[in-house]
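**Q** Chains as they are written, first to last, in the numbering used here: chain A, 1 to 551; chain B, 1 to 238.
If you are wondering where the hints come from, they were derived from the structure by calculation, not from laboratory data. Remember, it's a predicted structure, so these values are computed and weren't measured experimentally. Be a bit skeptical, because a hint or two may be false.
[To be verified] Listed below are several chain A residues computed to face chain B (Cβ distance under 10 Å; list not exhaustive):
1. E237
2. E459
3. P466
[Unchecked claim] Listed next, the stretches of chain B that the computed footprint assigns to chain A, with coverage defined by at least 3 CB atoms under 8 Å from CB atoms of chain A:
4. 1-13
5. 41-49
6. 58-64
7. 174-180
8. 197-203
In this text, a Cβ means the ideal position worked out from N, Cα and C, and glycines have one as well.
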Amino acid sequence: MSEMPAAARAVRRRATTEEVHEGPARATAYVCEAASCMSAQAHDITLRLGESAARAGLSDVMVKRVGCLGLCAAGPLVEIAETGRLFDHVRPDDVEGIVGALRKVKPTDTRASQGPFFEKQVRVATENMGRVDPESLDDYVAHGGYEALRTVLSEMTSAEVRDQITQSGLRGRGGAGFPTGLKWTTVAKAQGSQKYVICNADEGDPGAFMDRSVLESDPYRVLEGMTIAAFAVHATEGYVYCRAEYPLAVARLRNAIRMAQRAGWLGTGIADTSFSFDVQVRLGAGAFVCGEETALIASVEGRRGTPRPRPPYPAMQGLWDCPTLINNVETFANVPTILRKGAEWYAGIGLGKSKGTKVFALAGRIVNTGLVEVPMGMTLREVVYDIGGGIIDGRPFKAVQTGGPSGGCIPAEHLDMPLSYESLIEVGSFMGSGGLIVMDDTSCMVDVAKYFQDFCRDESCGKCVPCRVGTTQLWMILDQITRGRATLDDLAQLERLARMIQRMSLCGLGQGAPNPIFSTLRYFRDEYLAHIVDRVCPAGVCTIEPAEVMA
Amino acid sequence: MTTVFTFRIDGKDVAGSEGQTVMEVAEENGIDIPGLCHLEGIHDRGACRLCMVEIAGSPKLAAACMTKIAEGMDVTAHSDVLLEYRRTVTEMMFVERNHVCAVCVANNHCELQDMAEGLGVTHFDLPRISPKVDIDASHRLFAIDHNRCILCLRCVRVCDEIEGAHTWDVMHRGLETRVQTDMGIPWGESTTCTSCGKCVQVCPTGALFEKGRAVARGSKTKRPFLPWMKVVAEERGL
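With these hints in hand, go ahead and build the complete structure from the sequences.
**A** If you want it as structure tokens, here you go:
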């Protein structure tokens, strides 16, 4: 059986526990019910907490399902809202303890410091995460939801909305960092009576789960952002293109669309104005390339998901040849807050041309695996050591991989580099969607490059020759290197091919595919040479084959 | 009234109408830009990457078959770098599957072979991938040898856009990509194929061929029937 009905069932079961515990709450337990905690039986904890509190006669206590609390490595997580006390790795036996803590909560309690993981973050796109119930529209509205849209529809013109976004300096959070205001203006000015807004939720980079968490934790925010965008570019129909591997995100998103439609936040005549906009969900069938905007459009249209050369850009000729605005989940999630708090406020955060905050998914050999949102310009060291808690077992830091298969590896010498679109490109990497994979001395960089090449080879759509054949050729050479069977000529061939594939491929997948090779060669060429010349793997990862005896 | 743009290709001043591609104008002016997926009369897809050209002011290369001309554009269609890249692309097409010219029905009638010759590809540096691929000879008149397919998808486009049958399509991805008939059933069992043979006519290699032909007896007449059909279609306002 597919996972989809199970995720949907959770919605109903939760509703019954809520009925028992409604009322003025003196104390509230937030139970993280995003995918990673759910996979560690967090929903069971919610039910047990409810039952246990009821048995203890605590009628003024609320057990609330919330979205991602961020510290995914320590799940299931329960937080007492009033005191800020966090229970990690919660097991069924711990439930009584939590109920005991709930009993002791006094109205005078204030939230204690939760440590640098939480304190050093600045939350904009994730401000409601771990605070609101992702399945309750009322809860979203109670936390300031739809305030921005109401103001936009009643007090602003579409040009004013676009100006606000332009002034905020917001840039595409899908990775390339195209100025969002400029994109919106282009779509608004494009010729065409029918326009579309598409939310790209086809997150596929290895180690990245920002969009999933946003959709699972705060789906209404994305819908509100899309609706504001639709108003700003004169679109009437929208699509969320989400990968099918995110069943919980899809279930919550669909629930949110239904609820928003019923409450008049989607559909005809939104908030009693003449503005109409509706959203449909389209599921990706597991192709990484469908995150590329032209391939995504082809897929939504029901065709084979392959990219096409640009121009024409989707802003001029997108879905069904109509002007189409495509933004990433996180980009849309920033929009309501920017309009509520003002463009100047948002532009005040960040560094240089990279304004605002960025959500990163910390993964790899890092203590605090999880989801964080930090202001642009924070140094890599702060993210890895202060927020991330450093490397597991205190091992030495070797590199951090950003930008997924189109990104690169940043070595220790750049740890004090501020994170921004520009600085990452400068060191040979890429912002990408926000996956940060931390590696220690147990990682072989040639092996890492080979892993990403294998990924690209597998995900190449097969349309253009350099990517279809070239990624496999690169992978074959890397494979020879990791077996100790390559020569220096092979290394030269690797670099020559990589440059050609970068320049000749049709879309970002092929153009970005050689990046992990370039960046590992730039900083870890000695490791390549060790495999080729000395025939050893310094990290002890690769199996070097015995030398062939020349007859 | 159409707007006429003047611009340069390889230093030569040329003119074309708005909406034309760089490839079209180059062809009209006797400048040969190589290409294998491009075929006059069907839609371009910019996939073989042989027609990549440099456009002054743009850091990225552009596919000439899909790039619309613009006033004052400065196109470089031939340079040492482009030649090297085109050689590598051609080489990639050869090593991807199992091309053995000596025993191929299209020997000496093959656009891939001509391309390699024209670009001066004399040997392969890249290792052969040598995949195991199928031959489908179930059709009464024709056969497809996937060993020789370069996935230009001319067959797919001509079948859809000209014949209107849409028998051919594409399945799988990456190196596993294959052209297929009717959702992957044997060609001979296809209920949509009209046996018109257009796919065989447009195939640049020996992948699609008429049955009963011996080695190097490729019957590819290279009749440019598509431009003629296009003109007819335009005249009839189709």
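**Q** Does the stretch 174-180 of chain B contain three or more residues whose Cβ lies closer than 8 Å to a Cβ of chain A?
**A** holds (count 4)
**Q** Are at least 3 residues of the stretch 1-13 of chain B within less than 8 Å of chain A when you compare beta carbons?
**A** Our answer is that it is violated, as 0 residues pass the Cβ test (under 8 Å) against chain A, missing three.
**Q** Taking the least C-beta to C-beta distance, is E459/A closer than 10 Å to chain B?
**A** holds, 7 Å
**Q** Are there at least three residues in the stretch 197-203 of chain B whose beta carbon sits under 8 Å from a beta carbon of chain A?
**A** Check failed, 0 qualifying residues.
**Q** Please verify the coverage claim for the stretch 41-49 of chain B: does it have three or more residues whose C-beta sits within 8 Å of some C-beta in chain A?
**A** holds (count 5)
**Q** Against chain B, is E237/A within 10 Å by beta-carbon distance?
**A** Since chain B brings no Cβ nearer than about 26 Å to E237/A, farther than 10 Å, the hint is violated.
**Q** Less than 10 Å between beta-carbons is the criterion; does P466/A satisfy it with respect to chain B?
**A** holds, 6 Å
**Q** Taking a Cβ-Cβ distance under 8 Å as contact, does the stretch 58-64 of chain B have three or more residues in contact with chain A?
**A** It holds, with 4 qualifying residues against the three required.
Violated hints, in rising order: 1, 4, 8; the structure is consistent with all others.
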